[in-house]
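Trainee: Taking the hints into account, I'd like the entire structure generated from these sequences.
Taken in sequence, the protein lines are chains A and B.
Under our numbering, the first residue of the first sequence is numbered 1, with each subsequent residue one higher.
Under our numbering, the first residue of the second sequence is numbered 1001, with each subsequent residue one higher.
Worth flagging that the hints you see were computed from the coordinates, not collected in a lab.
Ideal Cβ placement from N, Cα and C applies to all residues, glycine included.
Among these hints, one or two may not hold up.
[Stated by the list, open to error] To spell it out: a stretch of chain A is covered by chain B in this simulated footprint if at least three of its residues, at any positions, have a beta carbon under 8 angstroms from a beta carbon of chain B; those stretches are:
#1 16-23
#2 30-40
#3 55-65
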Amino acid sequence: MSDINQTLPPTGKKAVLVIVGLSLLLGFLDIFHIRHGKSPAEEAFLFYGILGFGAFLTVVIGGVLLRKLIIRAEDYYDAD
Amino acid sequence: MTLIDLPPGVILILGAIIVPFLSHRPRQIWMLGLITLSALQAWSLTPGIHLETSILGLDLILTRANAFTQPFSLVFHIAAAINVFYAMNGKSRVTDASGLAYAGAAIAALFAGDFATLFVYWELTAITSVLLILQGTSQRRLGAAMRYLLMQVTSGVVLLGGAALLWDQGAGLVIGPLDATTLAGGMILFAFGIKAAFPFLNGWLQDAYPEASISGTVMLSAFTTKLSIFMLAQCFVGLEWLIYIGAIMAVFPVLFAAVENDLRRVLAFSLNSQLGFMLVGIGIGTELALNGTVAHAFASTLYKGLLFMAMGAVLLRAGTTKVSELGGLWRSMPLTASFCIIGALSISSFPLFSGFVTKSLTIGATLYEGHFYVWLALIFASIGALQNVGIRIPYFTFFGNKRGEKLKEAPRTMLIAMALASALCIVIGLYPQPLYALLPYEVTYSAWSASHVLSELQLLLFGTLAFVFLMVRGLYPPAIDSTLLNSDWFFRSLAPKLIMTIFRPLWASYSILIHGLKTITFDLIGYFMSHLR
Chain A
1 MSDINQTLPP
11 TGKKAVLVIV
21 GLSLLLGFLD
31 IFHIRHGKSP
41 AEEAFLFYGI
51 LGFGAFLTVV
61 IGGVLLRKLI
71 IRAEDYYDAD
Chain B
1001 MTLIDLPPGV
1011 ILILGAIIVP
1021 FLSHRPRQIW
1031 MLGLITLSAL
1041 QAWSLTPGIH
1051 LETSILGLDL
1061 ILTRANAFTQ
1071 PFSLVFHIAA
1081 AINVFYAMNG
1091 KSRVTDASGL
1101 AYAGAAIAAL
1111 FAGDFATLFV
1121 YWELTAITSV
1131 LLILQGTSQR
1141 RLGAAMRYLL
1151 MQVTSGVVLL
1161 GGAALLWDQG
1171 AGLVIGPLDA
1181 TTLAGGMILF
1191 AFGIKAAFPF
1201 LNGWLQDAYP
1211 EASISGTVML
1221 SAFTTKLSIF
1231 MLAQCFVGLE
1241 WLIYIGAIMA
1251 VFPVLFAAVE
1261 NDLRRVLAFS
1271 LNSQLGFMLV
1281 GIGIGTELAL
1291 NGTVAHAFAS
1301 TLYKGLLFMA
1311 MGAVLLRAGT
1321 TKVSELGGLW
1331 RSMPLTASFC
1341 IIGALSISSF
1351 PLFSGFVTKS
1361 LTIGATLYEG
1371 HFYVWLALIF
1381 ASIGALQNVG
1391 IRIPYFTFFG
1401 NKRGEKLKEA
1411 PRTMLIAMAL
1421 ASALCIVIGL
1431 YPQPLYALLP
1441 YEVTYSAWSA
1451 SHVLSELQLL
1461 LFGTLAFVFL
1471 MVRGLYPPAI
1481 DSTLLNSDWF
1491 FRSLAPKLIM
1501 TIFRPLWASY
1511 SILIHGLKTI
1521 TFDLIGYFMS
1531 HLR
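Mentor: The structure is reproduced here in structure tokens:
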């Protein structure tokens, strides 16, 4: 098993600020935008932002939990 | 009948026979010429039946066009032409010939008007494409190729069985809407389901595609599964099960892809998820949903091909596509990195890129038809595509903390192929009207409403914010060299063990019985012989 450093490089800090800034801007725009969605849930403030953030975390956490069940050695089939 | 009267694609199959005997440059010119000719043939066909024949009492429709054939055949021809450029560097006659014949078989299948004709091309796509897997360099390619062939041929045999039942019932062989609850319809649905990589029938895709040659994987990503989606759209429009199968298919592969270490396999899982979106569209069956399926198949063939091309270039230069071994390659491969980012933005449905104006048709249709939970599943799968392909692939390949080795940029012909696919992703994103005009039904949906743009940007930006959050907190899961069990485990591991468990005692009992009978027989013979003396 190998591991890689899962942290942001120093140059990534500016990118983080840009992403945070843009997210705040989109949140701010959502205050003024009246969305006429097909579902009432869509009309809630920052619905899509919360959905995007939550879904991303769910994909990652779901993947990690699934990996615990299905992970095998790299030569699992070759060893048969 | 002249060559020009043959069904589109057949000219590619016939032309592929000569390909191995041509030297490098004439071979490329020959292949591009044939693809152009076949594309012109396909483009000139108006809806209706164009070529019929009768063989052994079977009325066969060799060429039939309808509203679905034109967009699919156009993107298949574009993919075939781009693949010629991409594979040019490999200089493999087998890859060139089998790739051309494979594209030809897939294109000809689009125009097949009956199941008997379809069966011929269906199996031809299997036989020609397996050669692309055998052209790979990994140790696993032989086993993967055999398993792939087994699944593809099984699909063909089941298709033939279903067609034979239809014929027997007097329903004829013409390809058209089928009832999935009948045995014949069910068998044909199952046959299409194997090639479309339905849940539990999908293992071959993630098993075989990453083992093919560099250009072979790109070719494989374009044709087989999209052909099956096309056929499902011909026979099973409005079948409600497909909505739920599609939703499951869109969601589960993204979880596998999230922790897969091999990036070509990540793309194979992601391809599977994209097919789920198309299936949902077929299941809903409204004009908007079907437009979504076709538009998504068109755009997905291009951006998925682009991503496989970028990862192929990385494999060529770095010798690996494992997350755990890559990083910082943008300094060495800036053009490949740029093309990969365009593919990543397209699959993530970022505004101005192709996924934004195509995927939203299907997602929109789910809400219009009141399938809120299916809509939620598709949004989840979209965010999965952002995580797995939109962020993970470009970030951990080209950026990240690693400085990266000093490598050469991808060969010029590969860059040309990637540039062509990138240009199409951007053009479709900026100006989707020509693509919309090709779709089976008139498009009244506007992807560029303020609400849709804001919603999509919020999804993507806040999704990216979640990635930043995990990275800053050091919570992002590390990549691990491993095998992830997939649905093929049932066939590769469980079934053989079950068979052995059942048959070993039977074999042992049989051996004991035979041994006992032998002993008794010899004892009796010995007894009589001794008394006879």
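Trainee: Each of the hints needs a verdict: does it hold here or not?
Mentor: Evaluation of the provided hints:
For a cut-off of 8 angstroms, the count of residues in the region 16-23 of chain A with a CB near a CB of chain B stands at 5, and the three-residue condition holds. Remark: the region 30-40 of chain A is confirmed as covered by chain B, as 7 of its residues place a Cβ nearer than 8 angstroms to a Cβ of that chain, reaching the required three. Closer than 8 angstroms: that is the beta-carbon criterion, and the region 55-65 of chain A has 9 residues meeting it against chain B, so the requirement of 3 holds.
Every hint from the earlier list agrees with this structure, and none is contradicted.
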